[in-house]
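Engineer: Put together the whole structure using the sequences plus the hints.
Residues per chain are reported as follows:
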Amino acid sequence: MSVYSTTSFHHGISSGPVKTLHWPAITLALCCIYLSCCTVTFADPLLLAAKNGNEDAQRAYAWQQLRDITQLDSKGMPVFTHWISELQTFSTNPENLSAPAFPGAPATTDGDRNPSGHGRHGGPLINFMHFNPAAWQHIRSHRLYDEKRLDALAQSANKRAIAIPAFPQAAKVLMTAWWPVRKEGGSPMPVWEPDGAHRHTGSNSYLNWQRVIAIKTAAEQHFDRVSFAGRVTQNPDAAELTSLFYLPVDSGLANRIMADPGFAQATHIAIGRPLQSGDYLALVGVHLMSKALPRGIWSTFWWQDEAPVDNPPRENVVSTPWNQYRMDTTFDTLIPAEKDASPNICFNPWFDATFPDSGEGNGLKANCMSCHLRASFPREEPLRITRGEPDILRDPAFGAGHVTTGMIWSIANTSRRGTTDD
Amino acid sequence: MTILRALSLATLALSLALPLATGAQIYGDYIPQDSHKNNPVNVYFGAVKSKSGDYVEGATMVFATAMLDFVAVTDKRGRYRLELPVDISPSKVESRCSHPDYSSSQIRRRLPRAKALTPVEVDCTLS
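Residue numbers (this note's numbering), protein chains in the order written: chain A, 26 to 447; chain B, 166 to 292.
Cut-off 20 angstroms, straight-line C-alpha distance, at most; resulting in silico cross-link-like pairs (SDA-like, lysine to any residue): (1) B/K257 with A/H223; (2) B/K241 with A/D285; (3) A/K241 with A/N348.
Across the chosen pairs, the derived CB separations fall in these ranges: (4) A/E218 with B/M232: 19 to 25 angstroms; (5) A/A188 with B/R275: 51 to 57 angstroms; (6) B/R274 with A/A188: 48 to 54 angstroms; (7) B/R275 with A/G221: 32 to 38 angstroms; (8) B/K241 with A/P70: 55 to 61 angstroms; (9) A/E80 with B/S215: 49 to 55 angstroms; (10) B/M232 with A/I187: 35 to 41 angstroms.
Computed footprint of chain A on chain B; a stretch qualifies when at least three of its residues, placed anywhere within it, have a C-beta under 8 angstroms from a C-beta of chain A: (11) 227-234; (12) 264-276.
Treat the hints as calculated values from the structure; they're not laboratory data. Note that beta-carbon positions come from the ideal geometry of N, C-alpha and C, so glycine has one too.
Structural biologist: Okay, structure coming up:
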């Protein structure tokens, strides 16, 4: 269908045959172009922020993301607490599909699943994965929870790895890390200090963070000391539980936590006894991945008792207790570059500082996107810490017999297969 | 006679080091999945007591090296067991101990005899 006709519009300076434009046809064509490219059009400001390495724009977007997922429902709970748990998302056991409400049950409740690697070195971590409806729908409709399906995809990758179907832009995946707090208060909690003494190549798990504070469950409480991980802190700083997002623990949640060996150990390290009804779980770390861009937008948050002045001010975007969390975000594996011109760093102290150097720097030099680009089935060295662009020619994660899992390690964790030489 | 005595001591040490077949060990010997797979290990074991001699459940034992922290939690009988890579010399491992209900600790470490590398006994008294 020609968009040209002999009526209505004249090219003023044309010396050739006068061509006129047919407006209904142009409109239709533009609509078609718009619809076919709507994904790009929709994400344009984000693409621009990514392409230009515009840190201010990226940070502003990350805070908005946090604001969006922490909007309150009619019961006063953040909307992300309605997201679907890892167990419900990946289990093939029908009993697990109606798993308990937020934060769900440990993934290891299903014997066929590997725990997250984010507590593997150093201190274990109580962490959960949460999938918004778009992410959950994508995984379930494409049977990405099914090892046989993943196997079939991987076996069809003859020369290079193939990819799972792309997630919709609305998909979001959240990982949360929780710290147990005794009902009577006075629980020790390590606090990350960016400028503290850290191992330059080794693990910086929370076990060796130098600063430990006390968490109060009542304003008037005072504590002379806290003992944690083999150290005693005299006259510790104290913070109220209400300065964090927290969950009251009932007997069901306590039992679920204590049924996972790693979670149980984390609980004992924190409070010296099993979790009980009446205790609390305080949210210390959040890792949010949005599929608004093809490689995702990675935003990571961690609680700090002394939140710094931020630019743009977080108070304009999120309210208490979310303004008490620090944030880092990455839209790209490379930019904005670090001061030494090396690739962009983005890590969360709770999730990533624990990783020792595996050849390209420890967890303090990681980039969420770079590590998660390697997510593939069967898993290949899932705890290799890296940043910058992946080595797709030599890294077996991108080689034949593999299927890349949309940057989500949870999909690859469906199976116990894969190398685990981490 | 000396050989027999050495053998019995070694047996005793190994029996202490091996995991106990009780549910109480669920925390004491929790080892993150995949760690040290197929690699020789150096077993660290011991007990945590209060100053009055009672075994302390839920105490944290941290073994810090130049690169990594290894951690164990005592079971209901106040005992723990942990595996470290065998290439980490016990002399380069810093041992720490704590429990939220106690304010100080004292560590006692016994290295393997002669040329043996394992096991290493580290006990702790909390007060």
